[in-house]
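Generate the whole structure from the sequences, applying the supplied hints.
Chains as they are written, first to last, in this note's numbering: chain A, 1 to 680; chain B, 1 to 342.
I should point out that these hints are in silico values taken from the structure, not numbers from a laboratory. Model, not experiment: these values are computed from the prediction. Careful, some of the hints might be misleading.
[Unchecked claim] Some but not every residue of chain A turned toward chain B, in silico, with C-beta under 8 Å:
no. : residue
1   : Lys213
2   : Arg217
3   : Glu249
4   : Asn376
5   : Ile390
[Said to hold, decoys possible] Only pairs whose alpha carbons sit at most 30 Å apart, straight line, appear in this in silico DSS-like list of lysine-lysine:
no. : chain 1 : residue 1 : chain 2 : residue 2
6   : B       : Lys277    : A       : Lys490
7   : B       : Lys234    : A       : Lys387
8   : A       : Lys652    : B       : Lys277
9   : A       : Lys301    : B       : Lys6
10  : A       : Lys494    : B       : Lys25
11  : B       : Lys81     : A       : Lys677
12  : A       : Lys378    : B       : Lys277
13  : B       : Lys92     : A       : Lys494
14  : A       : Lys27     : B       : Lys277
15  : A       : Lys181    : A       : Lys213
16  : A       : Lys492    : B       : Lys183
17  : A       : Lys379    : B       : Lys183
18  : B       : Lys39     : B       : Lys12
19  : A       : Lys113    : A       : Lys6
20  : A       : Lys485    : B       : Lys115
Yeah, the Cβ is synthetic: ideal placement off N, Cα and C, and Gly gets one too.
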Amino acid sequence: MKVSVKWLRELVELDCSNEELINALNKIGLMVEEIVEEEDDLILDIETYPNRPDTLGHIGIAREISTYFRTPLKELDFPINWIEESVENFVEITIKDEELCPRYVGMIVKDIKVGESPEWIRKRLESLGFRSINNIVDITNYVLLLTGHPIHAFDLEKIEGRRVIIRRAQPGERILTLEEKEEELSNEMLVIADSIKPIAIAGVIGGEESGIKEETRNVLIESAYFNPISIRKTSKKLGLITEASYRFERGADIESPPRAARIAASLLSSFGGKVAKGLIDNYPNPRRQKAIIFRMKRAEKIIGVPLQKEFVEEILNYLGCNIDKTSQDVWQVQPPSHRIDLEREIDLIEEIARFYGYEKIPSQLPSLRITENPFNTKKERIEQIRKILISMGFDEVINYSFTSPDKDDFFKNEKNPIQLKNPISSLFSRMRTSLFPGLLQNISWNLNRGAEGISIFEIGKIYEWEGEKPKEYMSLGIVCSGLFKERYWKEKEKKSDFFILKGTIESLFEKLKLLPFSFEYEDCNYFENNFSLNINVKGEKIGYIGLIRKEIREAFEIEEDVYAVEINLESLLNKSLPPIKFKPFSKFPSIVRDLSFIIDKERSYKEIEEEIGKIAPSILVKFMLYDYYTGPPVPPGKVSMTIRFVYSHPGKTLSAEEVQVVHNRIFEDLRNKFGIKLRE
Amino acid sequence: MEKFEKDIERLKLLFEQKSKTVIDKKSFEELRNLFLSRKKGYVKEIFNQIKNLPSSQKPHAGKLANEFKEYIVSQLAQIEKNLSAIKREEEKIDLFLPGERRYIGSIHPINIIQKEIEEIFLTMGYSIEEGPEIETDYYNFSALNFPEEHPARDMWDTLYITDDILLRTHTSPVQVRVMERKKPPIKIIVPGRVFRKDEPDPTHLPMFYQVEGLVVDEDISFSHLKGTLDYFLKVLFSGRVRTRFRPSYFPFTEPSAEVDISCPICEGNKSDCGICKGTGWIEILGSGMVHPQVLKNVNIDPEKYTGFAFGLGIERIAMIKYQIPDMRLFYENDLRFIRQFS
Ligand SMILES: [Zn+2]
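Written out as structure tokens, the structure is:
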């Protein structure tokens, strides 16, 4: 809301500097966001709030200032040039819908010459962001800026039958508005009509036909109160926000219409207008402002400071409240009609706090009462995952929760995706069903900007419909592409590959003690054939790992292979973990034996691993794949493997012979099972 | 036996010859393998011969074999020692060559700041709560005292899924969910993603992170709100800031306050400061006393209990702390950005 400091000073007696004035406004919550210096004025752009329509006019702001400085508002005089003929002789006003229009005031001003406004009005309007149109329209805007109450002027001669009917629009009715746009009206919209047709959309915009033109001589001033919800709905439906609708939807002052009309009539008088006697005031059910019970103790409790009764009384009086003291500490407070936000005791307490000054309220810490176990296990585990992954060289990213459907479709599988009804664009129109669209985007972005490799992860929610209900769950996505490690002068550069990623999650599960875990071949439509595994932890399938299909990465403009894994964290984090218990280890030296053999390529390491696990002699503490080789001199269809076995006994030093017996047994078993041949 | 002794002599000679050709680590290893390899080294061969000798000669042969082995081992040790002495003298390694660094990844700056904020409140006895990102109109608006069809709902543009289901515009719905579940005293913070229908630009994003706090107990006053936020902001900005509380409006708090901090970058001394725009103050936080109607909505007696709530944007804090000029950088995920903060 733009405010003229000069105008404010006309409304309230102030002996402070402009700087002090701005400071005061800021302190009471009317934040000055912009200051424009003009020739003989200062224009302030003030932040206002949706619950304070009273601050949408200069009088409202002046009232706040007057309360802050405890100086009264000036009495304003608006003389009117009355004629004998009564207003009722010119027009008849009927409210057909009292719910949508509880009050309608009309005045008639005759014999005005339409023309340019005097300079002082033009200047004032223009510096407050209004275009000067003609003296009559300018006056309506001037009244709006002064009182905050929107009024409208009709050309009386264009009102068919001199009858004004406030009613709902009939289906199919249309009106050409002052913005020269034809609007189609519907039954929930309130219109101002004459005996034939709508002449304005109530509280939103006037009709072009009944508007003020050069030839206009006689004017009907409309000053009404319209139902805020109805105005809001109409304005939304038409996609039309006007100075009037903006104020009416916030709630105007129902006691304001007669005064606003009179001010307009007075100003029009000063241009030679003659005002028909009286005013038509249709106000079938006058509203009664309810009194609020106010307790000093409660105010002190909420604000946290002791309060002086005199101070509280003074503030409330300046704000326009009437106080009826039931007792010393409990008052009945009647707020003024323009403060529609003052409905409860807490609203009054806020006013006291505001004018007491937030800066004077002391800072104290509340006592530290134990609430409950503040430990959030799920969060701690996520934190742990994050730390493990960065320690392994992965960077963390965060992507938007929404993505474009064409990218998401690659990964959605059978999920039923959630679409936004009013997205900011199609690129952000679907709640992601996977973290991959974002992660692939990140790979593309970075590789196409000079990065040689990228290894990243994201922990975030993915979404889908579960029947009628939206479902969201935590997911972990890890991807790598291009160089995994920068080249070091002592060794060759290391490219991302499947086993780096697989090892990453194996280490992660081990560190998180999510054991046992295992993998199975399973094709997945976004991974290359025979290049994906599902992941099982404690017997539950929680995700997939593999090589992203070429067509998909190409759709993201990625030239390098992309290895990717996505894990459902929700089920992972819900797994209970056994408490950690110390296990003793052997004090005696361990013995290492390697087994080098040739085996059919068809055999997978998983089979060998499981077989060794099955026979697992008690002294075998660990085994690992030590070497893996195909190609000459290994015959085609075969691979050469070396497995290293570590033997140890908890209670003694093992002899070479003892170990050899066990080691041979393992060899025999593998030979019988898989036909392995010892390598020379 | 004679052959056995001769073999030993011959091998000693061979060793001496060969040892002269040792010039580096590689040739040294070759020599050691030749004699000491467990499978087919000459020493092993000598020991293997013992078992073919008549048993009367075995003890003597064993002794000779052991002496031979000791000789070879001690000679090798001597050669190795000389070798490394020569090497140190002749090949000085350039120790200024780059060391082998391990790459450690970076945590996203949002999570760094979020964690910092959480830690401050954890030490003050708060617990951390989370809730759904897809919410109903009831939790996002109605329960928080937003009147139906009121312009207060336009304070934020909302992204809708259906007429009733939406993306939460703030983490406040979690406050309601927690208060439905628990009775006071309540002391929580709620971090999480929130959504607005805003086009991305340097200061707006359709998605960002918030942390909200809520305290409900007997005798909680505005003064406690001030103290808590004063303390929090001082710790977060390492004591370098002053705070300013200004009256504001939120439907779910009353009295409400906007909190500004003094600019930690220019301290109000630069008229062209990019962070505070020369005003010396930065708007950082919204807060207020929990509206009695919100307490009523969750069946907490507002006469007995009072509370305060506050909320702040994590991106905004990060932008101030790290002097990041453009909010969009957070979700472009350029590694040159991500890697700067941890
Ligand atoms: Zn600054």
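Against the structure, the hints come out as follows:
1. Lys213: Since chain B brings no Cβ nearer than about 33 Å to lysine 213 of chain A, farther than 8 Å, the hint is violated.
2. Arg217: With Cβ-Cβ at 38 Å, over 8 Å, it is violated.
3. Glu249: Where the cut-off is 8 Å and the nearest Cβ of chain B is about 6 Å from glutamate 249 of chain A, the hint holds.
4. Asn376: OK, holds: asparagine 376 of chain A within 8 Å of chain B, min 5 Å.
5. Ile390: holds (4 Å)
6. B:Lys277 x A:Lys490: Roughly 51 Å between the alpha carbons, so the hint for lysine 277 of chain B and lysine 490 of chain A is violated.
7. B:Lys234 x A:Lys387: holds (27 Å)
8. A:Lys652 x B:Lys277: violated (76 Å)
9. A:Lys301 x B:Lys6: Measuring from Cα to Cα gives roughly 109 Å; hence the hint is violated.
10. A:Lys494 x B:Lys25: holds (28 Å)
11. B:Lys81 x A:Lys677: violated (42 Å)
12. A:Lys378 x B:Lys277: Answer violated: lysine 378 of chain A to lysine 277 of chain B is near 41 Å, above 30 Å.
13. B:Lys92 x A:Lys494: holds (29 Å)
14. A:Lys27 x B:Lys277: Holds. Lysine 27 of chain A to lysine 277 of chain B sits at ~20 Å (cutoff 30 Å).
15. A:Lys181 x A:Lys213: Distance ~17 Å between lysine 181 of chain A and lysine 213 of chain A Cα, so the pair holds.
16. A:Lys492 x B:Lys183: violated (62 Å)
17. A:Lys379 x B:Lys183: holds (23 Å)
18. B:Lys39 x B:Lys12: holds (19 Å)
19. A:Lys113 x A:Lys6: holds (29 Å)
20. A:Lys485 x B:Lys115: Judged against 30 Å, a Cα distance of about 28 Å means the pair holds.
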